[in-house]
Amino acid sequence: MSRLRTFAVRRVMGRLRIDDDIVRHLSTFQRLGETFDLESPGEMLPIGARTVFRALRTRAAAQIGPDWVWPYWLENQLDPTSPAFVPRGHLPFLTNVTARNWTAIGNVASTWEAIVDPRGLVTTWFDGWSLDWWIGGDDRWYLPSREQPSRVRQGLVGASPVVETVMRIPGGEAVHRAYSIVGDDELAIVEIENRSRVPFAVALAVRPYNPEGLAVIERIELHDGTTVTVDGRPALLLPKPPARVAASTFHEGDSAAAVMSGAAMTADQFPKRLRDEAGMAQAAFIYPLPHTATLRVALPMVASKRTRRRGLTRRRVERAPSYPTSIPSPDQVARGWAAQSSGGLRLVLPDERMQEAVDANCRFLLVLHDGADITPGPSTYHRFWFRDAAFLLAALDRYGFHAQAAEVLASYPGRQRVDGFFMSQPREWDANGCALVAMAEHWRLTRDRELLDTIVGSVAKGAHWIDRKRGTKRRRDPELYGLLPAGVSAEHLGPFDYFYWDDFWGVAGLRAAAELLAAAGESAAAADVHRSADSFWADVKASLGIVANRLGTDAIPAGPRRRLDAGVIGSLVACDPLGLLAADDPRVRATVDVVRDRFTLGDAFYQAISHTGLGTYLTMQVAAVELAAGDRRALERLRWLMDAATPTWTWPEAIHPRLPGGCMGDGHHGWAAADFLSFVRNMLIRETGRTGATSRGTQPGLALCSMIPDDWWGRGVEVHDAPTHFGRMSYAVRWHGDRPALLWELEPFDGVADVRLTAPALDSAWSSSERRGEALLAPVPAKEAVG
Numbered sequence: 008m009s010r011l012r013t014f015a016v017r018r019v020m021g022r023l024r025i026d027d028d029i030v031r032h033l034s035t036f037q038r039l040g041e042t043f044d045l046e047s048p049g050e051m052l053p054i055g056a057r058t059v060f061r062a063l064r065t066r067a068a069a070q071i072g073p074d075w076v077w078p079y080w081l082e083n084q085l086d087p088t089s090p091a092f093v094p095r096g097h098l099p100f101l102t103n104v105t106a107r108n109w110t111a112i113g114n115v116a117s118t119w120e121a122i123v124d125p126r127g128l129v130t131t132w133f134d135g136w137s138l139d140w141w142i143g144g145d146d147r148w149y150l151p152s153r154e155q156p157s158r159v160r161q162g163l164v165g166a167s168p169v170v171e172t173v174m175r176i177p178g179g180e181a182v183h184r185a186y187s188i189v190g191d192d193e194l195a196i197v198e199i200e201n202r203s204r205v206p207f208a209v210a211l212a213v214r215p216y217n218p219e220g221l222a223v224i225e226r227i228e229l230h231d232g233t234t235v236t237v238d239g240r241p242a243l244l245l246p247k248p249p250a251r252v253a254a255s256t257f258h259e260g261d262s263a264a265a266v267m268s269g270a271a272m273t274a275d276q277f278p279k280r281l282r283d284e285a286g287m288a289q290a291a292f293i294y295p296l297p298h299t300a301t302l303r304v305a306l307p308m309v310a311s312k313r314t315r316r317r318g319l320t321r322r323r324v325e326r327a328p329s330y331p332t333s334i335p336s337p338d339q340v341a342r343g344w345a346a347q348s349s350g351g352l353r354l355v356l357p358d359e360r361m362q363e364a365v366d367a368n369c370r371f372l373l374v375l376h377d378g379a380d381i382t383p384g385p386s387t388y389h390r391f392w393f394r395d396a397a398f399l400l401a402a403l404d405r406y407g408f409h410a411q412a413a414e415v416l417a418s419y420p421g422r423q424r425v426d427g428f429f430m431s432q433p434r435e436w437d438a439n440g441c442a443l444v445a446m447a448e449h450w451r452l453t454r455d456r457e458l459l460d461t462i463v464g465s466v467a468k469g470a471h472w473i474d475r476k477r478g479t480k481r482r483r484d485p486e487l488y489g490l491l492p493a494g495v496s497a498e499h500l501g502p503f504d505y506f507y508w509d510d511f512w513g514v515a516g517l518r519a520a521a522e523l524l525a526a527a528g529e530s531a532a533a534a535d536v537h538r539s540a541d542s543f544w545a546d547v548k549a550s551l552g553i554v555a556n557r558l559g560t561d562a563i564p565a566g567p568r569r570r571l572d573a574g575v576i577g578s579l580v581a582c583d584p585l586g587l588l589a590a591d592d593p594r595v596r597a598t599v600d601v602v603r604d605r606f607t608l609g610d611a612f613y614q615a616i617s618h619t620g621l622g623t624y625l626t627m628q629v630a631a632v633e634l635a636a637g638d639r640r641a642l643e644r645l646r647w648l649m650d651a652a653t654p655t656w657t658w659p660e661a662i663h664p665r666l667p668g669g670c671m672g673d674g675h676h677g678w679a680a681a682d683f684l685s686f687v688r689n690m691l692i693r694e695t696g697r698t699g700a701t702s703r704g705t706q707p708g709l710a711l712c713s714m715i716p717d718d719w720w721g722r723g724v725e726v727h728d729a730p731t732h733f734g735r736m737s738y739a740v741r742w743h744g745d746r747p748a749l750l751w752e753l754e755p756f757d758g759v760a761d762v763r764l765t766a767p768a769l770d771s772a773w774s775s776s777e778r779r780g781e782a783l784l785a786p787v788p789a790k791e792a793v794g
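Numbering (our numbering), first residue to last: 8 to 794.
Just so you know, the hints here were simulated from the structure itself, not pulled from any lab data. Glycine included, each C-beta is placed from N, C-alpha and C at the ideal position. Hints are supplied without guarantee of correctness; some may be wrong.
[To be verified] In silico DMTMM-like cross-links for lysine to aspartate or glutamate, where the CA-CA straight-line distance does not exceed 20 Å:
id, residue 1, residue 2
1, Lys468, Glu457
2, Lys476, Asp541
3, Lys312, Glu325
4, Lys468, Glu448
5, Lys548, Asp591
[Said to hold, decoys possible] Quick list of the computed label-pair ranges, beta carbon to beta carbon:
id, residue 1, residue 2, range
6, Arg316, Ala417, 35 to 43 Å
7, Gly269, Thr332, 43 to 51 Å
8, Arg570, His743, 53 to 61 Å
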């Protein structure tokens, strides 16, 4: 691409507010032997331009680089004998749609996360280069991305963000571990252990790709034998100079060929100016590793801007973090995570797999908590949205991580525009409701007066914004009257439209604001907002009635102008988590029936809009409503989710219907983790009879063991220090033959009166209002009791 054309591209990109990395994807594209008409995907540039250009480069490189070592997902999508093979046809794009699975590593002090793919490929920078590992045995080189699944396994060390990938080799195993350490610098550590009977060689390979597609690497340099820079940025810190090195460009071929053929160079022969205009520079650094020995390298997790200035690169190397003099072991890091996550809700479950999944995902939520931010993913979705935050913060608070939730919520006034709009993205009209509901749920679970005093003014502004927004440009269509305007809303609902999702969150947000204002002593303002909520809810119910007559069913579509497509899943939030409609409401029952009958494959919800695939967090949305209704099909969905988890207990946003891999969104989806945690918590302890749900209302209280899996019968369960709307609750279940014994203690908030306790799954007839006690419940039928 000529300099003039590159300049023109930059001008266009600048007007579209596209970052420099996207320009590099485009400017290096032609170097791969392809031409590109700038105007062809022009309508896609403002949204997803990075994804488009990355996918274009990936296809171009993959089809003329068959001898390259590619990441695991791409090796399989290119292999016509693999079930994951994806024909390209006339489409110019190639991206990961079969194995979007990865695991975040990070620490509580960092705002950055690295990701590890299922074969140990580590990517520290978003859309950046990756570090691969290859093992040289006596017979051949073993490449994790190409080995058969039976030869590679992955898991967590101590149910913590310490990822262990084990590859079988002759004489034993090569073990790769990746984790983040706390210190003056934000570093990821990769260690290779020789757990075999003989020495082997390790090649640590800097690769121009990641779990989503190609990255851009134009320059690689080795400084003083121990610091590797990628495009002028310190990227890899080595403990000592490597024994051998290999480096190459795209048109010279893959450096892996030199490694595997024995043609690697000595370290002092590393090219002084390794430059690749196609953006596909790569290098490998080779070390001998004796039997039982371990090699560790460090990767800076914070990337500075690219530079072609050699002087600036040298200065960055001088200021770069040094290779750590002391590196904690993976076991030490795992123990640190166990201590870090020990202060909240503690569950003792009879199911070891579920116990590990709960422990791991609590720690993953802490990884995704980045100070004043919380993000729904470490990579693709590493940014803040009020919508995702509502679910993530609820899970944090329900598991007792109140300080982390409060840190994010305290930032909300600063995220609010002067007109009261909480904006994370334009035209997301659910944002104010999501923000207000998150604030109120934190208050209910903590009675955090200090935070309430900080946010009360923002709460009032946010509530008034909702009331004003739904009243602007009054629409003549009766089914639209009083609703929020058309917007983008949640992606799984589909294209720009009017969405009941926004209205449900808006009504719940107003009710939450009224509750917060009343708690803050602003009774007049609370009453005013409560009237606004009632008015809004009346308009929503009127619209639902009109649409029900049009469709001939009580099922709630995604919006007043929609039919019953897959976006109907979004309407279930009216029941859970918002509590506007009870689980036994005819509209909720009809909506769940539509989801079950038309939009499930097996036990999973199939999302046919945007996020096509088996939806992870969306399946748990169905399960949450079924749990509230006492429908044991909720446990079948929980079982599906558990079985669909990666070996590191992560979930992508959506899973391929015929393959076990992710096909959409971030490969480690925080919303899915949050919904899993909230479901398990609600299964064991759940607020009942919430005010606002139009039910055959029960007295507000707590359901202990509202539903438990069949194989838990006869086995003990413990719940310690569970935050609830009434105070902190602990209980244990023990068994005496076929009779469960329940011991409990509630530490109520000040001013809380008697709380009705029930145990629906153990004894539907039992209840108590005592704050502490023990009871021997009715015998469980013999067919259910284990002994």
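Structure-based check of each hint:
Between Lys468 and Glu457 the CA atoms are separated by roughly 19 Å; this keeps the pair inside 20 Å, and the hint holds. Our distance criterion of 20 Å between C-alpha atoms is met by Lys476 and Asp541, whose separation comes to about 16 Å. With a C-alpha separation of about 16 Å, the suggested pairing of Lys312 with Glu325 holds against the 20 Å cut-off. The straight-line distance between the Cα atoms of Lys468 and Glu448 is roughly 18 Å, inside the 20 Å bound, and the hint therefore holds.
Annotation: proposed proximity of Lys548 to Asp591 holds, straight-line Cα distance about 16 Å (limit 20 Å). Our hint of 35 to 43 Å for Arg316 and Ala417 holds, since their Cβ atoms are close to 40 Å apart. Checking the proposed 43 to 51 Å range against Gly269 and Thr332 shows it is violated: the Cβ atoms sit about 34 Å from each other. Between Arg570 and His743 the CB atoms are about 54 Å apart, so this pair conforms to the stated range of 53 to 61 Å.
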